[in-house]
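Q: All chains should be built: construct the whole structure from the sequences, respecting the hints.
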Amino acid sequence: MGTGSTDVAGAVRGRSAVVAVGNTAQGTVPGIPADELAVEALRITLAEAGIDKSAVDGLITCKSYGGFGIDTEIGRLAGLNPAYSATLDYGTCNFSLHLACAVIDAGLASTVAIVYGTDQRSSGNRFGHALGRQDEASVYGFLNVAGPAAMAFRRHQHLYGTTEADLGRIAVSQRRYAEDNPLAIFREPLTLEDYLAQPYLVEPLRRSDLCMISDGGACLVVARADRARDLTETPVHVLGIAQQTGLRDRQNADQWMRGWIEQVASRIYPAAGIARDDVDALYIQDPTSVWVLQMLEMYGFVEPGGVGEAFATGQVGHGGRLPLNTNGGQLSEAYMWGFLHLCEAVRQLRGEAGGRQLEGLRTAQYCSTFGFMKAASTILGTELS
Amino acid sequence: MTGEGLAGPDTTTGDDSPFWAGAREGRLEFQHCASCGFVRWPAAGVCPECLSRDFAWRPVEPVGTVWSWVVYHRAYSAALRERVPYDVALVELDCGVRLLTRLTGFAGGDDPVGTRVVARFEELGEHGRVPVFAPAEEGTDR
Ligand SMILES: [Zn+2]
Numbered sequence: 030m031g032t033g034s035t036d037v038a039g040a041v042r043g044r045s046a047v048v049a050v051g052n053t054a055q056g057t058v059p060g061i062p063a064d065e066l067a068v069e070a071l072r073i074t075l076a077e078a079g080i081d082k083s084a085v086d087g088l089i090t091c092k093s094y095g096g097f098g099i100d101t102e103i104g105r106l107a108g109l110n111p112a113y114s115a116t117l118d119y120g121t122c123n124f125s126l127h128l129a130c131a132v133i134d135a136g137l138a139s140t141v142a143i144v145y146g147t148d149q150r151s152s153g154n155r156f157g158h159a160l161g162r163q164d165e166a167s168v169y170g171f172l173n174v175a176g177p178a179a180m181a182f183r184r185h186q187h188l189y190g191t192t193e194a195d196l197g198r199i200a201v202s203q204r205r206y207a208e209d210n211p212l213a214i215f216r217e218p219l220t221l222e223d224y225l226a227q228p229y230l231v232e233p234l235r236r237s238d239l240c241m242i243s244d245g246g247a248c249l250v251v252a253r254a255d256r257a258r259d260l261t262e263t264p265v266h267v268l269g270i271a272q273q274t275g276l277r278d279r280q281n282a283d284q285w286m287r288g289w290i291e292q293v294a295s296r297i298y299p300a301a302g303i304a305r306d307d308v309d310a311l312y313i314q315d316p317t318s319v320w321v322l323q324m325l326e327m328y329g330f331v332e333p334g335g336v337g338e339a340f341a342t343g344q345v346g347h348g349g350r351l352p353l354n355t356n357g358g359q360l361s362e363a364y365m366w367g368f369l370h371l372c373e374a375v376r377q378l379r380g381e382a383g384g385r386q387l388e389g390l391r392t393a394q395y396c397s398t399f400g401f402m403k404a405a406s407t408i409l410g411t412e413l414s
Numbered sequence: 003m004t005g006e007g008l009a010g011p012d013t014t015t016g017d018d019s020p021f022w023a024g025a026r027e028g029r030l031e032f033q034h035c036a037s038c039g040f041v042r043w044p045a046a047g048v049c050p051e052c053l054s055r056d057f058a059w060r061p062v063e064p065v066g067t068v069w070s071w072v073v074y075h076r077a078y079s080a081a082l083r084e085r086v087p088y089d090v091a092l093v094e095l096d097c098g099v100r101l102l103t104r105l106t107g108f109a110g111g112d113d114p115v116g117t118r119v120v121a122r123f124e125e126l127g128e129h130g131r132v133p134v135f136a137p138a139e140e141g142t143d144r
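If you read the sequences in order, they're chains A and B.
Residues in the first sequence are numbered consecutively from 30, following the working numbering.
Residues in the second sequence are numbered consecutively from 3, following the working numbering.
No lab work stands behind these hints: they were computed from the structure.
Built from N, CA and C at the ideal position, the CB exists for glycine as well.
One or more of the hints may lead you astray.
What follows is a set of in silico ranges between Cβ atoms, one per label pair, in the way DEER data are often shown [said to hold, decoys possible]:
#1 A:Asp278 <-> B:Asp113: 51 to 59 Å
#2 A:Gln227 <-> B:Ala81: 44 to 52 Å
#3 B:Leu53 <-> A:Gln386: 36 to 44 Å
#4 A:Thr192 <-> B:Ala136: 27 to 35 Å
#5 A:Gly334 <-> B:Gly110: 22 to 30 Å
#6 A:Gln227 <-> B:Arg26: 52 to 60 Å
#7 B:Leu53 <-> A:Ala194: 44 to 52 Å
#8 A:Gly348 <-> B:Arg26: 37 to 45 Å
#9 B:Arg131 <-> A:Asp306: 39 to 47 Å
Some chain B residues well away from chain A (every beta-carbon gap over 12 Å; in silico) [said to hold, decoys possible]:
#10 Ser54
#11 Glu63
#12 Gly107
#13 Gly127
A: This is the structure we're talking about:
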């Protein structure tokens, strides 16, 4: 496993910027195929930003449920001949954004659209499959990400004495944000008592610890710094990016604890040239609340085992010193495979977050993982000095 | 049942059927790397440590420690509707393999995490006899 080297410090800082974000309706969007939802997100994003389609010379798509989302198909539907295009086999948007930064830095393109679309709610995906290589999983019924997440949380409870109420504070905080987010699917209030009264799905996890599948599309446009200034008055600069894989999968000890995420944590702040304490708003991709718990700890925002206290004392979460998943996250807003976390971070940094706008933001960090395979983080900022 | 190298006749090296066949006969066995001795699971054609393709399926000591466990209250496939609620555990075997399984012989209020366990073999629906794990007689070691 690589070490947390600092030779990447400042490698991408200020070289590219997010110039536009956008999304379609979320939830149940019947009758529109996945690829058309991706193109619809692109159309909305370009229209809202006043960017002409001809400005896009790079296209990065991400494969979605059912094998959709291939760049060649999306490009055909969108009527694009970009200088560069590619498809990633996984989402969370971090990996797509990092590829866009590399593509821009290499001179392959100057203005890259990153798109994602899915119709998995309407087309009937239930994620009733094992995650990763789990040969005996079907025999023992170890299906859905809820299984490994519940395993990881039970282990965490054993190690640190974490309670179900501690974990529940994550879903409760995110729901409180979602109440102020018109896009969110789940907006009805959720108290800790409500949470604890929910039946288990995979014990010790409950309904609100797991995200609900949705239809929809989302898009970001990333541009080389000089192009960004032509395309918007409010570019959101990419200050730093970092990644780490855990591709050994089941050969990794404590595989579901995903300790290799700490490698990203050790690299991201030097890469961005800021300290962890300089992060004004935090976004953590959350197919389950357990992933939020893990990343809060591994990035050092919360002491191991201290998550309940961190929320209760206003260290993190709604009303706290460090805002977390201010869109409601995948748990309450919508499952757009992390894309809406970055959309929200950009909107907050640009002062476009409406009724949930935070004050005085200069930086935001987004952390995500592709199951047990990869982790990534991005730090965005409004200023380069 | 050995990998014969790149040109060898056995091309089904990722096949895990010897594991299930062994379980039906009350044995816990895994691929052992012929080059470095690494015991691997899931089944694979290559040793993830030394990249050798030579291996043999051999029994291991059927003992380990419970890493964690969960209880499914929801059936994520139609075939599991009759089974809920059911538990799934991850056991770290002393040979190094981490195996998904189910537990047996624990009392209601017990937290099995960290408990020393030993394999038993029980019928599990259409799968026949499969490994399950019960508390070892010496009790817990942590
Ligand atoms: Zn070997």
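Q: Where does the structure disagree with the numbered hints, that is, which hint numbers, in rising order?
A: 1, 2, 3, 6, 8, 9 and 13
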